[in-house]
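Undergrad: Each chain, written out:
There are 2 protein chains.
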Amino acid sequence: MALIVAKFGGTSVADIPAIENVADKVVREAENGNKMAVVVSAMAGVTNQLIQYCDQVTTIHDAREYDSIVSTGEQVTSGLLALALQKRGLKARSWQGWQIPLRTDLAHAKARIEAIDIAGLKQNLLDGEIAVVAGFQGINDQGRITTLGRGGSDTTAVALAAALGAERCDIYTDVDGVYTTDPRIAPKARKLPKVSYEEMLEMASLGAKVLQTRSVEMAMKERVPLQVLSSFNPELGSELPGTLLVDESEVMEKHVVNGITYSRDDAKITLRNVPDIPGIAAKVFGPLTASHINVDMIVQNISPDNRSTDMTFTVPRVDLAKALDALNKMREEVDEKVEIIFSPDIVKVSVVGIGMKSHAGVAQTMFQTLADKGINIQLISTSEIKISVLIHKDYLELAIRALHTAYGLDKEEDAIS
Amino acid sequence: MALIVAKFGGTSVADIPAIENVADKVVREAENGNKMAVVVSAMAGVTNQLIQYCDQVTTIHDAREYDSIVSTGEQVTSGLLALALQKRGLKARSWQGWQIPLRTDLAHAKARIEAIDIAGLKQNLLDGEIAVVAGFQGINDQGRITTLGRGGSDTTAVALAAALGAERCDIYTDVDGVYTTDPRIAPKARKLPKVSYEEMLEMASLGAKVLQTRSVEMAMKERVPLQVLSSFNPELGSELPGTLLVDESEVMEKHVVNGITYSRDDAKITLRNVPDIPGIAAKVFGPLTASHINVDMIVQNISPDNRSTDMTFTVPRVDLAKALDALNKMREEVDEKVEIIFSPDIVKVSVVGIGMKSHAGVAQTMFQTLADKGINIQLISTSEIKISVLIHKDYLELAIRALHTAYGLDKEEDAIS
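For the protein sequence lines, the chains are Z and P, in the order given.
All the letters of the first sequence, read from the start, carry residue numbers 1 to 417 under our numbering.
All the letters of the second sequence, read from the start, carry residue numbers 1 to 417 under our numbering.
Errors might be hidden in some of the hints.
All copies of an identical chain are treated as equivalent in the list; a pair is satisfied when it fits inside any one copy or across any two copies.
[Said to hold, decoys possible] For lysine-lysine, the following DSS-like pairs were computed, each having C-alpha atoms within a straight-line distance of at most 25 Å:
no., residue 1, residue 2
1, 122, 91
2, 188, 110
3, 357, 194
4, 411, 91
5, 188, 393
6, 110, 91
7, 209, 188
8, 221, 357
9, 110, 87
10, 209, 191
11, 122, 221
Just so you know, these hints were derived from the structure itself, not from any lab.
Owing to the predicted nature of the structure, the values given are computational and were not obtained by experimental measurement.
With the hints as extra help, turn the sequences into a complete structure.
TA: This is how it looks when you write it as structure tokens:
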């Protein structure tokens, strides 16, 4: 008999009718002979309301109190879903993080799961009871409630699936799977039946917001078959209607590129006339690190005179002002000849595919395609399975559609016409 | 150094400004050198919202899930108050029932406190930390969250004060103390600086809604000095501005009657021509008990012919229809000659006073006062320290004001004029 972990996010449990809909799905899975452990988020809006209360009291939170307060959102949903399942004649109970217990480290508001004592949970599952687990939360060695940070309920679900040796972990959300690219931009985007963990990890960190990076990392490490599917479609997880995250060897798609992602959240900074002396990079980036600014896509060129260097990199757009402030101070200390040029009007477009490992010419296709459309590439950064470029934001849609076609990802019916 | 337990109810923590006000009070008490354990209710309206969610899912609740859901209201308030205290520079932390732990029996939704393990709590108090305790909740032997039922946070506070050996338990609420009678009805009502546990117990069960009967019972049993005071007045509990519940021997007031209470929540039922045979009372009241209807003020008269009897009693007005239904069935079984007469148009007026134990004529004053005003007494019931009468509801205000004057309870300035 299979054990399935199913996770339902905030929009899937937004209100009582939505919770009833979730209960219907769980009942049908259970009636198919599956043991079910269900992880739930807070009802949509509840967590924000609780955070707002905290912010109204004080902007400097004691994270222990913050965690205790915001964890109540999942506590409520778990109880309500248990009631809805009982109403349908099934045995069900809610489990809070501290009841399982799901043990975490001491890092409040962004705790990491250390261990899950599954004994009690497993016994009840074997007795035919559905476990409704409050996501996003655990308990630390000091007996305090911790929360797992953004996307924490996904992580709860994956960790639980790993600990229980579940056949599959179904992440029900408001999209019906992982697409080759954003269908709102490219109508010819296709849903991928399978995608490898590695590709999903790149896509998640490059801006595809379907899954949090951390839960994908954990699924990859623990080899948990993870499915992304919609809670608003009639299909069950068992019918595999979504996108399944699997080992590289199990991906049947024969495309070298499986996904095209983008991010509108970055800004570009270029430093000119930086003195080319040992330790200069540390001097430049030190102040940014000290200001907790995440620097990405760093490229350094030697200038023609061999005495100075140019550096270009991206920072999160929300941190641009803070970054410029830090860099201005650096400039005063290092060399007043350093020029700072910046632009928020850029987007990052990336192509991702396991196939790149064994295929040459993938980058060339990207550069040629963009060149054919007259799109200037401002910065390039690559890894084993992805190529990212910075381009002017006005060309985002054009670039994505052109690349989608160039890599043979368009829907077949559309490709024919 | 004194340890004080302070409890703040739902209106006292209704929103963030109210919670800030509570924090100010607690800080001032702490600055006066007191160790503080603070018990909080849910923010006004929150518990009702949570109950409504449960009701929307199913009207037949699993009380274990219900308890887990509704207990989150207090969890949120306790965290927010801890944050507000920290903002003011004090050490503070929240304690959930399961964290203390506060152990209860298994009776979900109306659990009774069995033990409080104060070790952890006490250590933190000694270290100068303010304990903010989520009221209304505990944990049972099965590791599930329990709630204590109506007025549960008052009970939490009294139990905690008893366990910690607190100097006093201050119940902050939206009234500034216990009055000789309802000031909305009798403007000459006076606030009592002290009242005995026994009197308060009678007054609470007779309709004075300041404190729940259960918390008064516990305070009496454990001899906890309990003060009722307003959270909206500037005074602190240490200034003793409210009404203090104390031992009979400590009550200084020299009135034989200390309080006049009333209840509009009852209905009167009279059964005529009931056959006067052994076991008839059990036959009459059995069906009411089976329907969970609380019968009060039972009076039985022998009829002139000595063969039948009349019975009069009260039931909660909300249960009147259910009671009549049960009695009709009884009538068909016992004797069709039984007549059922009922009236919802009655009120119960009671005078309460420790002084009755040693003073004669207290009842006579009541009967004469009502007779002088032409008010007909429909039913009388007495205990050692109270006399209750049923009268027509139209005479409620008149009766209360007349009795208040007759027993010498009117404010002095008014009595002089």
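Undergrad: Take the hints in turn and mark each one as holding or not.
TA: Against the structure, the hints come out as follows:
Only within a single protomer do residue 122 and residue 91 lie at most 25 Å apart by alpha-carbon distance; the minimum there is 14 Å, versus 40 Å between protomers. In this assembly of identical chains, the alpha carbons of residue 188 and residue 110 never lie at most 25 Å apart, being 38 Å within a copy and 59 Å across copies at closest. Taking the closest pair of Cα atoms, residue 357 and residue 194 come within 25 Å of each other only inside a single copy of the chain (18 Å); across copies the shortest separation is 85 Å, beyond that limit. Taking the shortest Cα distances, residue 411 and residue 91 never come within 25 Å of each other, neither inside one copy (44 Å) nor across copies (61 Å).
Taking the closest pair of Cα atoms, residue 188 and residue 393 come within 25 Å of each other only inside a single copy of the chain (21 Å); across copies the shortest separation is 77 Å, beyond that limit. Only between protomers do residue 110 and residue 91 lie at most 25 Å apart by alpha-carbon distance; the minimum there is 23 Å, versus 33 Å within a single protomer. Taking identical chains as interchangeable, the C-alpha atoms of residue 209 and residue 188 lie at most 25 Å apart only when both belong to the same chain, with a minimum of 19 Å there against 67 Å between chains. In the homo-oligomer, the alpha carbons of residue 221 and residue 357 lie at most 25 Å apart inside one protomer (20 Å), although the nearest pairing across protomers, at 78 Å, exceeds that limit.
Taking identical chains as interchangeable, the C-alpha atoms of residue 110 and residue 87 lie at most 25 Å apart only when they sit on different chains, with a minimum of 22 Å there against 35 Å within one chain. Within a single copy, residue 209 and residue 191 get their C-alpha atoms as close as 15 Å, which meets the 25 Å cut-off; across copies the closest is 62 Å, which misses it. In the homo-oligomer, the alpha carbons of residue 122 and residue 221 lie at most 25 Å apart inside one protomer (22 Å), although the nearest pairing across protomers, at 44 Å, exceeds that limit.
Violated hints, listed in ascending order, are 2, 4; each of the other numbered hints is respected by the structure.
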